[in-house]
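> What follows is the residue order along each chain.
There are 2 protein chains.
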Amino acid sequence: MTELSGHNPRTGALLPKTVEETSLHDLDEDLRKASDVRSRCAASASSSRITWLQAVGEDLESFRNELVALADDETALGEARLNGELDRTIAQIKLFVDVLRDGSFAGVVIDSADEAARPELRRGLRAVGPVGVWAASNFPFAFGVIGGDTVSALAAGCPVIVKAHPSQPVLSARIGEIVTDALRMAGAPKGVFAVVHGMPAGDALITDPRLDAAAFTGSVRGGRALFDLAFGRPRPIPFYGELGSINPVVVTPAAARTHPDEIADGLLASATLGVGQFCTKPGLVFVPTACGIAERASSRVGDAQAGVMLNAGMRSGFLTGASRLADLDGVDVSLPGEDVDEAGFWVQPRVAVASWDAFQQKRDILTQECFGPLTVVVEYDDVEQLLDALSMLEGSLTGTIHGIADDPDDAAVAADVVAVLQDKVGRLVWNGWPTGVAVAWAMQHGGPYPASTNSSTTSVGAASIARFLRPVTFQSFPEGLLPEHLQDAHLRGVIRRDGRPQIVPGEGGDGA
Amino acid sequence: MTELSGHNPRTGALLPKTVEETSLHDLDEDLRKASDVRSRCAASASSSRITWLQAVGEDLESFRNELVALADDETALGEARLNGELDRTIAQIKLFVDVLRDGSFAGVVIDSADEAARPELRRGLRAVGPVGVWAASNFPFAFGVIGGDTVSALAAGCPVIVKAHPSQPVLSARIGEIVTDALRMAGAPKGVFAVVHGMPAGDALITDPRLDAAAFTGSVRGGRALFDLAFGRPRPIPFYGELGSINPVVVTPAAARTHPDEIADGLLASATLGVGQFCTKPGLVFVPTACGIAERASSRVGDAQAGVMLNAGMRSGFLTGASRLADLDGVDVSLPGEDVDEAGFWVQPRVAVASWDAFQQKRDILTQECFGPLTVVVEYDDVEQLLDALSMLEGSLTGTIHGIADDPDDAAVAADVVAVLQDKVGRLVWNGWPTGVAVAWAMQHGGPYPASTNSSTTSVGAASIARFLRPVTFQSFPEGLLPEHLQDAHLRGVIRRDGRPQIVPGEGGDGA
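First to last, the protein sequences are chains Z and A. Mapping of the first sequence onto the working numbering: residues 122 to 633, in sequence order. Mapping of the second sequence onto the working numbering: residues 122 to 633, in sequence order.
Be a bit skeptical, because a hint or two may be false.
Which copy? The list can't say, so a pair holds if one copy fits it or any two copies do.
Claimed, not checked - As a list, the in silico SDA-like pairs of lysine to any residue whose alpha-carbon atoms are at most 25 Å apart: (1) Lys215 - Val615; (2) Lys311 - Met513; (3) Lys215 - Gly620; (4) Lys311 - Arg247; (5) Lys311 - Ser512; (6) Lys311 - Glu182; (7) Lys154 - Leu508; (8) Lys154 - Glu515; (9) Lys215 - Glu179.
Simulated from the structure, these hints should not be mistaken for lab results.
For reference, chain Z alone in the conformation it holds in the complex (with noise of 0.2 Å):
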């Protein structure tokens, strides 16, 4: 058997604890389980869905302190961020069984008889059945084994296999007894819910045929292998992948002439906030040359403090892109001090700050992600090459424009960056920052290729939950035999009858 365990980040020492990785038999049975249940749990009410997420939040709130001190051994984020984070994934577990209240995610959409045109229709969504997840080291609760990929899964009605994050195996592991026993309790089927360890069980998993759907966070290369076989499959599956993003940022003239402290401020601490390691970390900064941002966020990034990355690997492959960047003509990297050589994942926060020219000659080494507390501030002086640069960008989670809309020829500017932004991103954002990703019903989280591998769907927020369902479609069917949610007695909220929009008053709360 082999012992995995994780490593404290501020020492790089290796933690005592240890999980036992998942055989590919104990996988095959948790396969087995999760295909058993598949039919169970898609035709499971919705009320009983939200009694199982409901348990899940509650234990998870009685375990707090010991899943935050795990948490912590395992990445150093801190307890006061992981306390947070921790609130914003109980949050989150909330906001499904408002979903599955609410009734609409059912997408229930009926055309009546027509002698003349049509069959009795009646749409509906259903799970698809077994989904794999692939958890985050970044949110270790949030993008975790319990966070929003599984959650809204289970939501969906569908069984999940969580392969956990080698960083973060003792958390994991306790995490997964948690919310196995939560939903036990709670009266959801065995096998509805397993956790496993270790790259044998995750590569057996994704090429497994009783798999139905995936969803990743984490690196374009880790990812990219990931959706390589997922739709290398004879049965190839989605695979919903969050991968890699340089959310792009504009300050445009006048916002820039206006309040370019302010604006070097907030960049510096969402670029450093979490030590850098946020998927929405804006990692590509235009401002108009000579603004003074550039100079006052590089002559302030020691007010960052210095840091620690997640685990090993993040760090040298942080180290390697800051050195990169460094070594450009054209480009000057500010950091507070040295990286200390020593045996924790310590980085110093860093601002990159590259000329138009260097941008022009090196725009395939500026417009790559580096993970971490760095964020790379181009300097241009015209904005038409600014809208063009701006088009040759890879797709992004985020874009976010720094302007005054009630300065005309400053909103005209914006509009032409909006023009081109919206086709390269999932999520625009006006005078703020892009790290905070609310959990809300009109989220988007996802963007072009390769922020995500999917761009029609999104990771966080409500429509998250769509990724696991599929329609299916009841031609004349009599009312006996329709699922639930498709009976005349439990229509509820919108529907559509014959291309007219109906409200079916609801009874809140029961589930349907």
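Starting from the known structure of chain Z, arrange chain A on it as the hints suggest.
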């Protein structure tokens, strides 16, 4: 220049009219223009797109006689069927006009700002960009150059480049001219639509970096090859393929006792409709042993006339599949006469009857789609065995059940069948036949692989527009910089504010 022409399916003779194969240079021009107008198309008002679509529908009607004659030359489907199909194609265009008027396709969801929880978020859908459509041959209008894929993509605001089916070059080129002219006269951006001919252009199209999505209806082999190219790109794009489907039918014991003749006759009519060249043809039918359905269908197969398939490849594929079945022990194939080895693409309809033993032993062959006028009737003794067999089927577009809902025992059998089949198909039909796909709001035409490559989408009906849209959320944006459909002044239809659905009165018909 390579000249392309079709064949007269009735005689096999090459048709005199030709079309030039599209050069890679011309394809590049088409892609450049499509790329140039992608933003304009995406930002176009729904009311403009309504005008475009209406113009296309009107011009198709004006050229009806010419188009039906050209279609009959290349397909031999006959004037009655082709006129009916053109009606349906025009009705499909009108459905998307209704979809655009309705406005809910734009998926507008709004969370107002909440100091404690979130900034203001406005989520809506936006066109993905240039779409490639690979036209099918079996519905030269409804799934052809101006079929559902093209129309739903145009309705979404995407430029479309159609790869014409090689069996219908002249019809495709003529539809292309008519649609191009109609769009130009209606004020659509030049480059919003093009038709290309020949393999070289098709292969270059699927891998071109300017393409953002692809839709296809056709064979598993051809579709999977394009699928692999689409997902293997450096920047993968969604590939919405509708491939193969066996469309299982189950006849319950009570239904078989009550009206076996009606079922046998209905089956035969459905399986031979359009010379069996429907994606939804019932290809595998489970009936109780010795209930008389197999006997009647076999003996009446001569009532269905010999027909002409669409091309030589389809005919030879059909004959190969049919003789593979005829060679199996325990399988009896009835047909009204010998297939004459003449020059045209004529084939005889067939009914294959398999014992349960034969099905158990040769399941892989008996569950393969045989495109053409042939259905496989399997006789079952035991409902448990039947359910087990159903659970092993691959995905299909449809599943059909003939049962007696007010017989409690039979309804219980039907419920068990529904429970298994709904994980296998996109549409379940009760006491009817799967051929004939209503173009409606609640239609689902798609199912688990290989029925479609993305089972969460449909290629027929109002929801098919969703394939060509992706969400963009605007965070804290000033009204003037929002896209029109997200502005307060233009909100209409059903939206959501902070988890509470609201209806904003629409003005009906003016677009948004």
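> Compare the structure with each hint and give your call.
To see whether the hints hold, each was checked on the structure:
1. Lys215 - Val615: both (21 Å within a copy, 23 Å between copies)
2. Lys311 - Met513: between (49 Å within a copy, 23 Å between copies)
3. Lys215 - Gly620: between (32 Å within a copy, 12 Å between copies)
4. Lys311 - Arg247: within (20 Å within a copy, 41 Å between copies)
5. Lys311 - Ser512: Between copies, since 21 Å is at most 25 Å while 50 Å is not.
6. Lys311 - Glu182: within (22 Å within a copy, 59 Å between copies)
7. Lys154 - Leu508: between (53 Å within a copy, 19 Å between copies)
8. Lys154 - Glu515: between (41 Å within a copy, 21 Å between copies)
9. Lys215 - Glu179: Cα proximity of Lys215 and Glu179: one copy only (10 Å, versus 51 Å across).
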